[in-house]
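Taken in order, these protein sequences are the chains called Z and H. Residue numbers 2 to 137, in the working numbering, belong to the letters of the first sequence in order. Residue numbers 464 to 850, in the working numbering, belong to the letters of the second sequence in order.
Source of the hints: derived by calculation from the structure; they are not laboratory data. Keep in mind the model is a prediction, meaning the values are calculated, not measured. Beta carbons are placed, not taken as given, at the ideal position from N, Cα and C, and that holds for glycine. One or more hints might be untrue.
As the list claims (entries may be wrong) - Which chain Z residues face chain H? A few, computed with CB under 7 Å, are given here:
| id | residue |
| --- | --- |
| 1 | SER7 |
| 2 | THR71 |
| 3 | VAL72 |
| 4 | ILE114 |
What the hints assert, rightly or not - Sample of chain H residues lacking proximity to chain Z, with all beta carbon distances greater than 10 Å (derived):
| id | residue |
| --- | --- |
| 5 | GLY535 |
| 6 | THR655 |
| 7 | ASP658 |
| 8 | MET664 |
| 9 | TYR720 |
Listed below, chain by chain, are the residues.
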Amino acid sequence: MAEKRSKPVPRPYQDTKAYWDAAKEKRLIFQRCLDCSKPQFYPRGVCSHCLGSRLEWLDSSGRGKVHTFTVSYRAPHPGFADELPFVIAIVDLEEGFRMMSNIVGCDPGIVRIDMPVKVVFEQLTPDIVLPKFSPA
Amino acid sequence: METLGRKTAIVGVAESDIGRVPHKSKFQLSAEASRLALDDAGLSIKDVDGLFTIISTQGGEHSSMLMAEYMGIRPRFTDSTSMGGSSFVAYVEHAAAAINAGMCEVALICHGSTNISDRGGRAGPVSSKTEVYGPMQFEDPYGISIASSYALAAQRHMHEYGTTSEQLAEIAVATRKWASLNPKALMRAPITIEDVLNSRMVSSPLHVLDCCLVTDAGGAVVLTSMERARDLKKAPVAVLGTGESHTHRMISQMPDYTQTAAAISGRLAFERAGVSHKDIDVAEIYDSFTITVLLTLESLGFCKKGEGGPFVSGQRTAPGGDFPMNTQGGALSYTHPGMFGIFTLIEAVRQLRGECGPRQVKDAELALCNGTGGVLSSTGTVILGRV
Ligand SMILES: [Zn+2]
Numbered sequence: 002m003a004e005k006r007s008k009p010v011p012r013p014y015q016d017t018k019a020y021w022d023a024a025k026e027k028r029l030i031f032q033r034c035l036d037c038s039k040p041q042f043y044p045r046g047v048c049s050h051c052l053g054s055r056l057e058w059l060d061s062s063g064r065g066k067v068h069t070f071t072v073s074y075r076a077p078h079p080g081f082a083d084e085l086p087f088v089i090a091i092v093d094l095e096e097g098f099r100m101m102s103n104i105v106g107c108d109p110g111i112v113r114i115d116m117p118v119k120v121v122f123e124q125l126t127p128d129i130v131l132p133k134f135s136p137a
Numbered sequence: 464m465e466t467l468g469r470k471t472a473i474v475g476v477a478e479s480d481i482g483r484v485p486h487k488s489k490f491q492l493s494a495e496a497s498r499l500a501l502d503d504a505g506l507s508i509k510d511v512d513g514l515f516t517i518i519s520t521q522g523g524e525h526s527s528m529l530m531a532e533y534m535g536i537r538p539r540f541t542d543s544t545s546m547g548g549s550s551f552v553a554y555v556e557h558a559a560a561a562i563n564a565g566m567c568e569v570a571l572i573c574h575g576s577t578n579i580s581d582r583g584g585r586a587g588p589v590s591s592k593t594e595v596y597g598p599m600q601f602e603d604p605y606g607i608s609i610a611s612s613y614a615l616a617a618q619r620h621m622h623e624y625g626t627t628s629e630q631l632a633e634i635a636v637a638t639r640k641w642a643s644l645n646p647k648a649l650m651r652a653p654i655t656i657e658d659v660l661n662s663r664m665v666s667s668p669l670h671v672l673d674c675c676l677v678t679d680a681g682g683a684v685v686l687t688s689m690e691r692a693r694d695l696k697k698a699p700v701a702v703l704g705t706g707e708s709h710t711h712r713m714i715s716q717m718p719d720y721t722q723t724a725a726a727i728s729g730r731l732a733f734e735r736a737g738v739s740h741k742d743i744d745v746a747e748i749y750d751s752f753t754i755t756v757l758l759t760l761e762s763l764g765f766c767k768k769g770e771g772g773p774f775v776s777g778q779r780t781a782p783g784g785d786f787p788m789n790t791q792g793g794a795l796s797y798t799h800p801g802m803f804g805i806f807t808l809i810e811a812v813r814q815l816r817g818e819c820g821p822r823q824v825k826d827a828e829l830a831l832c833n834g835t836g837g838v839l840s841s842t843g844t845v846i847l848g849r850v
């Protein structure tokens with residue numbers, strides 16, 4: 002996909018490089034704490050539940066449900082102007098973590114809370130792939 | 464647990480020129496509001512030894528140092544806690560604690576913003592950044608905005624409790640009625656629930672009339688010890704109880720989309736003040752969006768969780784209603800420079816002094832202010848009382 006008018010692009014850093022590297026391979030990964038066993042998202046250098054540093058990366062099935070959503074009719078950044086309206090959602094993944102994403106590949110009008118969704122991958126730039134979701 | 468014990472008071476309040484003020488910088492607006500608030504107290508800038516301020520926008524880095532330098536003071540207590548629009552309400556707690564501990568005597572809380580002029584006079588996209596460093600790289604690439612963040616909470620509240628757009632609109636309509644009684648309010652023409660529902664959708668379920676204004680404005684509040692307050696120009700307004708907290712920074716991390724940190728800060732403020740909800744005569748609740756008010760009323764405990772919709776129905780918060788709220792017209796209709804918290808304090812003090820003319824709440828003795836900052840992230844709650 003060609004790069005469109007510049008959108009905000011993640012700049013990977015120490016905590017997040019593994020995540021963006023995996024996304025590039027069309028894998029959605031998340032962290033789990035080896036001390037308290039809880040999952041967390043977004044990726045951090047420590048566990049946000051117990052402050053431990055022993056974290057493992059796991060692959061997500063990419064299946065989840067919409068916890069809440071909004072249809073945005075306004076572009077917060079010029080890069081989104083061509084895509085209005087678009088859906089922003091908070092998605093609960095079946096492994097027990099929660100993330101923000103877009104719901105794509107459907108009419109924004111059909112999105113509902115609790116709707117099952119599955120991950121899809123969108124090439125944002127040659128270096129960054131963004132996990133998004135479609136109706137499952 | 465009366466930790467504050469009426470030992471500190473607000474003695475001066477003021478706003479600067481507000482609305483669209485393209486010829487003045489945010490620094491000037493903050494400094495002019497400070498001068499007016501000090502005049503209101505019968506004090507001068509030379510008396511100020513504690514400074515509490517934050518400028519969240521460009522050029523405001525190291526805010527308390529910057530504003531102290533701008534106004535020519537060298538404080539012995541300085542605080543630029545940055546938790547969004549609630550910061551100024553939280554500063555009342557910080558200032559009261561500092562005064563009680565003898566670390567400063569006259570505390571100045573000030574704020575200035577040219578939020579509309581910075582955008583060339585038009586509300587709309589401001590961000591053109593392309594590279595996102597830090598945790599916001601898990602939100603910005605999805606096109607999140609402040610309005611969309613609050614919309615996510617509104618949608619969830621509707622789903623869980625059956626809250627309706629009509630109920631949210633009640634808040635906007637009632638707030639506009641208060642604004643019509645305030646000559647300084649920017650938007651004074653009456654609106655109806657249908658007007659709100661028919662206004663442009665910004666981010667579902669929030670319409671443009673569910674959203675606050677974007678303006679320029681400055682405001683300032685002066686505190687000192689109750690002992691010193693008694694000798695000043697106007698009747699002191701006692702700081703009875705305060706609380707502050709935050710639960711997240713990014714909307715994707717909000718633990719419960721139907722409850723804000725006001726559940727924590729409000730409980731602390733009520734406990735410390737030793738008063739109950741039915742004692743509050745007037746409430747000034749930061750209304751960045753209609754949903755902010757609804758969640759705050761529930762989180763503060765004015766009604767049960769999920770009952771915010773019925774609570775605000777029937778124009779209960781309008782002039783003449785039995786729950787006077789946002790009596791200057793709020794961020795929805797009076798002014799909103801990006802961080803509104805300080806204006807909740809200014810109006811509460813004026814109500815308790817009986818200075819509000821046609822919008823005066825009769826015999827107001829106790830007022831509650833609640834600031835919300837970030838994306839429903841942080842809150843500061845302050846309960847004030849006539850002495
Ligand atoms: Zn852990």
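Non-conforming hints, listed in increasing numerical order: 8 and 9
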